[in-house]
Amino acid sequence: MMNITDEILNKYFDGELSKQETAEVNSALSTSEEIRKRYNALRLVHEQLSKIEMENVSADFTAKLMRRLPHKIKVPRQQKYFFAAISFVIIIICLGIVGYVTAAIVSSFPAQTSSSNFIDSFNNFSSVFVSEMERLFKGRSLSIIGSVFSFGILISGYFFFEYQKKAKANLSR
Amino acid sequence: MINITDQEVIESVKKGNQADYSIIVDRYKNKAFSLLRRMLKNEFDAEEVLQDCFLKAYNSLNSFKGESKFSTWFYRIVYNTALTKLSSKKRKIELEMTSIDEHTNLESAYDSIGSEKDDLAAVISKLIGQLPEKHSVIINMFYMNEMTCEEISEAMNISISNVKVLLYRSRNALKDLIIKHKLAEELI
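Those protein sequence lines, which keep their order, are chains D and W. Just so we're aligned, residue 1 is where the first sequence starts under the numbering used here, counting upward by one. Just so we're aligned, residue 174 is where the second sequence starts under the numbering used here, counting upward by one.
Heads up, some of the hints might be wrong.
Unchecked claim - Derived DSS-like pairs: lysine-lysine, alpha-carbon spacing no greater than 27 Å straight-line:
hint, chain 1, residue 1, chain 2, residue 2
1, W, Lys-187, D, Lys-166
2, W, Lys-187, D, Lys-165
3, W, Lys-238, D, Lys-72
4, W, Lys-353, D, Lys-37
5, W, Lys-238, W, Lys-188
6, D, Lys-11, W, Lys-299
If you're looking for bench data, these hints aren't it; they were derived computationally from the structure.
Bound-form chain D, shown alone:
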């Protein structure tokens, strides 16, 4: 026979007991006046607690609050700085690559380009461009660029994780 503690009665009350346990409590309630008394007192507490009324705020609460709201929902500052920093790093890396390739192309042009025709200039430009890009994304250079990007992604990931943590903590404050 199960010992009908207050905890068991509470669980019975909230419907959290198994079928067998519920049957045991039912049987105890029909045979023991002491258990019935405890259960009825608990039921009474539950009924009274359910009846307690809410308290009301002052009538102009909503109006006062609405006047205090800022015009726009704030985007957290940290979030703005974070995305600005990431965009800045990516732009710098892209500018570096474009600048490097452009400089290489310009320096490889022959001095008297005015005498050659347009098609020659274009061919010359494209072949230099392709060779420079090949040089840049091949072998050691590729691993350097890859490393820089991976490093950037790792750093971004870390800051993104920290930002999420702080946002959560801010809500808990």
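We have chain D already, so just place chain W on it with the hints.
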């Protein structure tokens, strides 16, 4: 108006319809106020903190992704802001200590109730105010705000089993008092 869900209202507010936020405010102001009144035991502080909570929630709407119910998320803000207010009033020590013996607190509170002892509802309402903060918050959330133990656990950042233990303890303490003082004996 009643059929609009919290999530729909929030989406509307996020799109720039600031006035819609008043729907949320009207929906939760009294429930949250009752909770704060019990925690802070002061009407003025409760209303001031409630304003801060709604402002904080408004400013953080962009970080509310709808993973939990808005009410749970909002009550979490309310509970934590009230705790901050309590700690700023140097009442945190009291808060930590009060779970030691709720029966003693209830007994002395019961003794201090004068002519209202015949009205069980009034007695219980007064006694809840004498329960330790965590207990009375849980009673408030469970009965007045109709939150489940899971939602309370999320809002208060404690385990579900802890919520149940505190809920049972509060009910038991009140039950023991009813039996001891033979209140509403005809109903038992």
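So, going through the hints one by one against the coordinates:
no.	hint	result
1	W:Lys-187 <-> D:Lys-166	22 Å, holds
2	W:Lys-187 <-> D:Lys-165	23 Å, holds
3	W:Lys-238 <-> D:Lys-72	18 Å, holds
4	W:Lys-353 <-> D:Lys-37	12 Å, holds
5	W:Lys-238 <-> W:Lys-188	14 Å, holds
6	D:Lys-11 <-> W:Lys-299	25 Å, holds
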